[in-house]
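Trainee: Chain by chain, the residues:
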Amino acid sequence: MPAPAPAATAPVRPSLPAGTRLSAHNGQVLVSTGIASLDDLLGGGQPLGTVLVLDEDIGTGYATLAMQYSLAQALSHGHHVMVASADDDPAALVAGCPQPAGAGSAAQPSDKGGDEAMKIAWRYQHLPKFGDAPDAGRSLRKAMGGRAATSAATAYCGVFDLTKRMGAMSAEDEERVHAMRLGEGDEDEDPFEAAYAAVYRTLSNGGFFASAPPPPSGQRSVLRIAIHAMCSPLWGQRGHNHHRFLIRLKALLRHAYASAIITISSAWRGPRALLDAHADFSLAFDAFASSATLPASIRTNPYLTREYAGLVAVRKLARVNALVPASVKVAAGMVGQSLAFHVRRKRFAIEAWHLPPELGGDQDDEDGRSKEQGPGKKGTRAAAGGCGTVSGRNVDF
Amino acid sequence: MFDLIQHLQLPNLRHIAVVHETGVDAAFVLPTFVHAAAHSLQRPVIVVSTHQLFLHYAHVCRKLGGPLHLAHLPPDRFLFIDALSRYYVDPTTPAPAANLPVAPSAPYSKTTEPAKGNIVYLHHYADVLATLANLIAAHVQQAGPSLILLDDLMPFVFSEAVTPNDIVLFVRRILALAEETNSTLLSTAQNNVGDLDGDMLARALPSLADTVLVIKALQSGYSRDVDGQLLVVRGKRAMARNPTTLPEPVHLQFKVGDKGISYFGHGLAAALV
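Protein chains in written order, with full-length UniProt numbering: chain A, 1 to 397; chain B, 1 to 273.
Each hint should be verified, as a subset may be incorrect.
Quick partial rundown of chain B residues pointing at chain A, CB under 8 Å, derived from the structure [said to hold, decoys possible]: (1) D3; (2) V60; (3) Y87; (4) V120; (5) Y121; (6) M154; (7) N192.
Reference listing, derived: stretches of chain A covered by chain B, where coverage requires no fewer than 3 residues with Cβ under 8 Å from a Cβ of chain B [unchecked claim]: (8) 89–98; (9) 261–273; (10) 320–326.
Just so you know, the hints here were simulated from the structure itself, not pulled from any lab data.
Quantities reported herein were computed from a predicted structural model and do not represent experimental measurements.
Ideal Cβ placement from N, Cα and C applies to all residues, glycine included.
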C-alpha cells in the first residue's frame, strides 16, 4: 500500500508579537505605554515604528515617570528595552520603574488565615475578578486571523504600583535590557551619534528589523527604546544634530519592530516646532508645583491642585496611515489644547479637566467683558478658564 | 460643498505651495491631491516623501475610495520616491525588504500576496538632490504631464550634504521641468519653525508659487465642527505673469474626516447650517 502523500504545508502567517494588538482604526500594531489613558490618547497604544516625544516638566519628574511606566509595561510583556541617558544612570532608570501591582504580594506571607479572609458574598466567589479577564485585544487578533499571542495573565495594559520599584532584576530580564550611558566616552564623541549607533546596533543584532528573518518560533519580539532628557546640557548640542538624530531614528523605526519614547530636557530652550514636526506624537508635561508658564490663577487654583498634578499639552498626534489621528480622546482640531494628569499609587491618568461650576466663570469678569464689548457683542468671546478655550480671543465660527 | 481640487484647476498651475502654521498639522493635504490626481484627474503622480512610507499613502487613498489601489497603478502612472527610509543611513545598512506589505495589517491578515508599489528608495549621499531631480525628470519625460508632490523639503535642510541654497535651486529646476512638460509641482513647508534655514525655505517656496495654500489653526482653539482655516492666495509668480487681475484670497474652513475632507465657507459648517 503506497504511503499517503504528505499534506501540502500551508504558509505560516506570522503571529503578533506578545503584548501587542492591532489598531482597528488603521491596522497598525500597537504597544501599550503602561498608562491606559495615554494609550487612549494615542489611539489604543503607541504604534510600532513611531516616536513619542514628551517635554519634561521643570523640577518634577512626571515625564520621566511616564517613560518608566512604558518601560515597566514593556518588561512585563517580555519586550526588549533600550535605555539611553546622559544625565542619569540608565540602569537606575530601569530599576526605578514601578512594579506591576500584585507582583510582590504572592511572595509575602499573608497575615490572615484562610478563615479570617474577608468575603463579600458567597455567590460571587466563582466569578472572575475584575481585571483578570484576558485582554480585549485577543478577540480582535482572532478576527484579524492572528494568534492570541499574550497569555491571559498579562493584560495589554497593566496596573503598576508606584510604591514598589523593580529594583534588581532576574538574569532573564537583564538580558532584555540594553543600557547606554551617553557622554562617558571620548570628549569629542557626539551623544546623538552615539545614541543612533547604539539604536542601530541593537536593532540589527536583535533581529528587530522587518527585513530580518523571523525566529523559528514565528513570533517576533519588540524593542522599546527610551531616551531620557535629550538635548540636556550634557548632550552638547551642535548645530542640527538633534534634528538629524530624530529623522534618522524615525527612518530606522519605520522598518523595525520597535517604538521609541524620548523625553526632552526641561533645560533645553531651542525652537520646539521642528521637534514636533519630526516626531509622530508630541506631548508636553507641565506640573502645577513648578510650572514657569502656567498663569497663577491655574497654578494656585485650590480645586485644580487638589485634583490634578499638572497639565499635559497635546502638541501633535500622528496621522500615520490615516487622515485623522486615531485618538479616541482628542479630536483632530483639539491638538494644542491641554489635558490634566494626576498620579495616585496605582493610577497615572491623563484626562480632560473641568472646573466646578462655582469656579468655572466669574460673574464680575463676564460683566466687565460685556461692558467692554458693548451690548451687541455679548457672548462672542470664548469664556475664560474653561476647558478647551483660549481666553480673550475671538471665536472664528 | 466646496471642491478645492476643482477650484484650483491643477492642470493650469505649475507650482502650488502649501504653507502651514505651527499648531496645525497639514499632513492631510497631500494624500488628497495624490488621490485626486490618480483617480479623478487621471494624471501621472510622483510623490517624494520624507515623512511617511508608501503604506501611508496607499492606506489613505484606499480610505478615500477609488477604483484602483495605488500599488496596482502602472509604473508610468505612479512613482513613489521614499526619501525617508535611507535618510542618513550609511551604505552598510541593509536595505528595507522589497516585499514589505502595502497594508500594515497584511502580515497578520488572510491576504496571501501583498501587493508592491512602484517605489524607489532615495539614498542620502552628497548628490542626493541631483539624483532626485534626475529621477523626477526621467519619469516625467516618460509619463508626460504629471503631478509632482514634495512632502516635504524641510528634512533636507538638516542634511550634512545639502545647503539651503541647493534646495531652492532644486525647486527652481523642478519648476523649470514643470514649465517644459506642463506638469504641476506641489510643495509643502512649515512656517515659523524658529530655525533660520528652515524659515528661509518656508519663505522661499511661496515666492516661487502660482498659488499658495495657507493652513492655519482656529484662533479660538478647539471646535467640534471646524478643524482649521485654509486661505487660497495667488502667489508671486501668478501675479508677475498676469498683474492686471488681483482676485481676493479665498477664505475657507475645513473639517478632516476619516474618509475625506470637507471645505466650506466661514460659518457654513455642516453642523451649523
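Trainee: Closer than 8 Å between Cβ atoms is the bar; does Y121(B) clear it against chain A? Give me holds or violated.
Mentor: violated (11 Å)
Trainee: Confirm or reject the coverage of the region 320–326 of chain A by chain B under the rule of 3 or more residues with a beta carbon closer than 8 Å to the chain's beta carbons.
Mentor: Satisfied; 5 residues make the cut.
Trainee: Mind checking, does the region 89–98 of chain A have 3 or more residues with a CB under 8 Å from chain B?
Mentor: Since 0 is below three, the answer is violated.
Trainee: Identify whether the interface hint at Y87(B) stands, where standing means a beta carbon of chain A within less than 8 Å of its own.
Mentor: For Y87(B), the interface hint holds, since the closest Cβ of chain A sits about 4 Å away, which is under 8 Å.
Trainee: Using Cβ atoms only, decide whether V120(B) comes closer than 8 Å to chain A, and label the hint accordingly.
Mentor: With a closest approach of 15 Å, the V120(B) hint is violated.
Trainee: Please verify that hint: M154(B), Cβ, nearest Cβ of chain A, below 8 Å or not.
Mentor: holds (7 Å)
Trainee: Test coverage of the region 261–273 of chain A by chain B using CB-CB distances below 8 Å; three residues minimum.
Mentor: holds (count 4)
Trainee: Double-check N192(B) for me: the hint is only fine if its C-beta lies closer than 8 Å to a C-beta in chain A.
Mentor: Constraint on N192(B) satisfied, holds at 7 Å.
Trainee: So, as I understand it, the hint says V60(B) touches chain A; can you test that by seeing if any CB pair is closer than 8 Å?
Mentor: Holds. Min distance 6 Å.
Trainee: Holds or violated: is the Cβ of D3(B) closer than 8 Å to a Cβ in chain A?
Mentor: violated (17 Å)
Hint compliance for this structure: hints 1, 4, 5 and 8 are not met, and every other hint is.
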